[in-house]
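Visitor: Listed below are the residues making up each chain.
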Amino acid sequence: MDSHTVAAQTAEAAHSEHEHPAFLKHHFESVEQQRESATFGMWLFLLTEIMFFGGLFCAYLIFRNWYYPAFVAGSHSLHLWAGTLNTTLLIISSFTMAMAVHAAETRVRKALMGWMIATIVLGSGFLCVKAYEWHDEWVEHHVPGLNFSPAGFLHGTKDYPDDKLSLDMAEKTQVYFSLYFAMTGMHALHMVIGVSLLAILLFQAYGGKYVEGHVAPIENFGLYWHFVDIVWIFLFPLLYLISRHQ
Amino acid sequence: MQGAGNREAFMAEAKHHDEPTLHEEHIVSPTVYLLIGGTLLVFTALTVGASLIDLPGDLNAVVALAIACIKMTLVVLFFMHVKYSSKLTKLTVGAGFLTFCVLIMMTMTDYISRAWGRW
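Residue numbers (the working numbering), protein chains in the order written: chain A, 652 to 897; chain B, 714 to 832.
I should point out that these hints are in silico values taken from the structure, not numbers from a laboratory. None of the values given here were measured: they were computed from a predicted structure. Warning: the hint list may mix true and false statements.
Claimed, not checked - Interface residues of chain A toward chain B, partial, derived using beta-carbon atoms under 7 Å:
| id | residue |
| --- | --- |
| 1 | I713 |
| 2 | A749 |
| 3 | I881 |
By construction, the Cβ of each residue, glycine as well, lies at the ideal position given by its N, Cα and C atoms.
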């Protein structure tokens, strides 16, 4: 008997010895243990993400303190309605994603697919509003490095006639907009990745996956989606709200 | 041999119980999700409303960030299931959050103390 045959027989014996679902890997004792390990790993990844976005938030706080009038004027130029609409869309999409996890846990395929589609639609809606805002900022010449002009911050605006910055400070609104595009851009990139992953998971769910007890991928994607929601929960007040009356 | 057999069975059971990653999964009910989602929307309305009022001093920022922290806590505990998770997950999240706070605090402490007395 050559070693290949022995190996094949051993593998076969291992399979017949303990009946287990195909998605349970051999180095785990049980489905629960595998799921718990995956959750642990996912949280470690999310912690690195917290540090990443945390660095951007920290830079924002320090520069806002540094160039305060420029940050206030920059914030005034954003549309409050767009930020509010996007916050609402993301929170509802977090709810639909939580419901998708519930559908996977209770093993209802149609509900799982329905909630995933709802999440994709809401996430895409968020990206559309964000694209509209970015386009608006392009039109207003607020994009540092590409078409920035301080002209809009020198003589006050319709809504904020007192926003009359010196030319030097008006130039510094570029720091605000650099951080604005870096933060909302990285957040939107996470949303694009999220929607893409969700489309793949949806395709697999259509084929019957994730409603046979293998919940971990859906659950961990949910963790990612909620994390992206949390980032926006902080971006919204920092970029749109806290400078309204300054 | 009877005793040895019992002991083996006992060891197997003990191993099962000591398994740090073993955790009964808890399916959160849709009612909880609906309640949390609704609360998050209410807090969103509150924070936008509060931003329209001119509060004294830095209170606008304090209120907005406090509401954001409440919303984050709700999402982490319920949508992300941490309230129903194992001690391992709770410890991981807690340790990560603490580390993050330490990093921010140290950076800020350094920043505000750089030009101490020269303001």
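Visitor: Now tell me if each hint is right for this structure.
Guide: Hints and how they fare:
1. With 7 Å as the threshold, the beta carbon of I713 (chain A) comes within range of chain B, its nearest partner Cβ sitting at about 6 Å, so the hint holds.
2. Hint on A749 (chain A) holds. Least Cβ distance to chain B is approximately 5 Å, under the 7 Å limit.
3. The closest approach between the C-beta of I881 (chain A) and any C-beta of chain B is roughly 5 Å, which is under the 7 Å cut-off, so the hint is satisfied.
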